[in-house]
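Number of protein chains: 2
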Amino acid sequence: MAIIDYPALPQRERILKIAAQLFARHGYHAVGMSDLQKAVGLGRGALYHHIRSKEDLLYEILREYIQELGVTAESIRDAEADPTRRVALLGEHLVRKIASNQAELTVCFKELHSLSADRHSEVLGYHARYERIWRECMEEGARKGQFRPYSYIVFKGILGMYFYSYLWMQPNLPQAADDIAEHFVELTLRMLAP
Amino acid sequence: MAIIDYPALPQRERILKIAAQLFARHGYHAVGMSDLQKAVGLGRGALYHHIRSKEDLLYEILREYIQELGVTAESIRDAEADPTRRVALLGEHLVRKIASNQAELTVCFKELHSLSADRHSEVLGYHARYERIWRECMEEGARKGQFRPYSYIVFKGILGMYFYSYLWMQPNLPQAADDIAEHFVELTLRMLAP
Numbered sequence: 001m002a003i004i005d006y007p008a009l010p011q012r013e014r015i016l017k018i019a020a021q022l023f024a025r026h027g028y029h030a031v032g033m034s035d036l037q038k039a040v041g042l043g044r045g046a047l048y049h050h051i052r053s054k055e056d057l058l059y060e061i062l063r064e065y066i067q068e069l070g071v072t073a074e075s076i077r078d079a080e081a082d083p084t085r086r087v088a089l090l091g092e093h094l095v096r097k098i099a100s101n102q103a104e105l106t107v108c109f110k111e112l113h114s115l116s117a118d119r120h121s122e123v124l125g126y127h128a129r130y131e132r133i134w135r136e137c138m139e140e141g142a143r144k145g146q147f148r149p150y151s152y153i154v155f156k157g158i159l160g161m162y163f164y165s166y167l168w169m170q171p172n173l174p175q176a177a178d179d180i181a182e183h184f185v186e187l188t189l190r191m192l193a194p
Numbered sequence: 001m002a003i004i005d006y007p008a009l010p011q012r013e014r015i016l017k018i019a020a021q022l023f024a025r026h027g028y029h030a031v032g033m034s035d036l037q038k039a040v041g042l043g044r045g046a047l048y049h050h051i052r053s054k055e056d057l058l059y060e061i062l063r064e065y066i067q068e069l070g071v072t073a074e075s076i077r078d079a080e081a082d083p084t085r086r087v088a089l090l091g092e093h094l095v096r097k098i099a100s101n102q103a104e105l106t107v108c109f110k111e112l113h114s115l116s117a118d119r120h121s122e123v124l125g126y127h128a129r130y131e132r133i134w135r136e137c138m139e140e141g142a143r144k145g146q147f148r149p150y151s152y153i154v155f156k157g158i159l160g161m162y163f164y165s166y167l168w169m170q171p172n173l174p175q176a177a178d179d180i181a182e183h184f185v186e187l188t189l190r191m192l193a194p
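Protein chains in written order, with UniProt numbering: chain A, 1 to 194; chain B, 1 to 194.
Any given hint could turn out to be false.
Any copy will do: because identical chains look the same in the list, a pair fits if it lies in one copy or spans two.
Said to hold, decoys possible - Computed list of lysine-lysine pairs in DSS-like fashion (alpha-carbon distance at most 27 Å, straight line):
| no. | residue 1 | residue 2 |
| --- | --- | --- |
| 1 | 54 | 144 |
| 2 | 110 | 144 |
| 3 | 54 | 110 |
| 4 | 110 | 97 |
| 5 | 38 | 144 |
| 6 | 144 | 17 |
| 7 | 17 | 110 |
| 8 | 17 | 38 |
Quick caveat, the hints were computed from the structure, so don't treat them as lab data.
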């Protein structure tokens with residue numbers, strides 16, 4: 001499948017979108033700066049005007065998307081007091097995020113270990129912040145008698161079902177994302193039922 | 001964590017076990033033949049006596065483990081006619097396989113795209129063969145009224161829960177594998193209930 005170009009985006013954002021597609025398709029280590037130059041159609045000097053290194057690109061993609069997951073999850077937590085409705089909103093948001101940014105999320109799931117140690121820890125922190133919102137929702141639902149007693153394995157099983165979908169979801173099918181979101185929320189509530 | 005050595009294994013199998021740990025930890029592309037030489041404690045000539053290339057190593061790991069999943073799944077299918085009991089056996093086997101070969105399964109899940117095109121297709125074929133056993137079990141359970149009507153999204157959601165566990169499972173804790181297997185089978189049956 002061809003790389004999508006996004007000509008309307010500011011150059012820096014366009015470079016990030018194209019880099020994410022290359023990293024997702026070939027793996028971070030297999031993509032060279034010359035491949036990226038070719039894909040964005042910029043000379044070496046023009047490309048380095050926008051970005052300093054390949055690892056900077058990887059870091060920016062991971063930071064942006066994993067941080068955003070946490071920020072949105074926190075706003076869902078603050079807006080929805082009911083754990084059952086909250087877990088449904090968290091699930092819908094996650095499916096839609098993966099569906100509409102599949103290349104970026106693929107890079108997030110597959111290339112975290114390619115970051116340098118400092119950045120790796122930083123991004124793991126954003127990920128932990130995101131997972132904490134899910135965990136607290138499940139714990140609260142258990143206390144209120146809406147969910148089964150909290151279990152780490154159930155928590156990880158549910159998130160695994162969502163996270164793994166980046167590998168098989170068909171992009172560019174908005175109705176499919178709706179369908180997946182609806183099924184996954186139903187499955188989540190089955191898994192959490194008392 | 002230190003690399004586990006397996007001194008009792010024949011040299012070739014030992015090299016595969018050590019290579020899997022290096023690939024799982026650092027990513028296939030980041031590991032050079034010199035890193036592998038150092039980890040196995042063999043000179044260049046001795047190492048090349050056992051393996052021809054780094055890609056051969058990757059291919060052997062993926063082929064062996066994904067093929068074995070399919071072979072065992074087929075024997076489970078042939079031995080257990082009841083879809084409910086069969087899906088439980090498939091789930092238990094998958095959890096135990098991931099728990100006892102976490103490095104190899106991590107390489108299977110993360111590095112499939114690093115194979116050359118021919119080998120990539122071949123290994124994808126083994127994976128499809130494995131998933132087919134699960135799908136047929138869910139379809140049969142649906143026909144017999146034991147499970148909900150078959151749904152591709154439910155099928156992928158269930159397998160995602162299992163597959164993703166390579167990322168968070170703690171190795172070397174056999175009692176944890178039992179616990180995960182028991183919980184995941186219970187979750188699978190909740191997800192499939194009519």
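List, from low to high, the hint numbers that the structure doesn't satisfy.
1, 2, 5, 6
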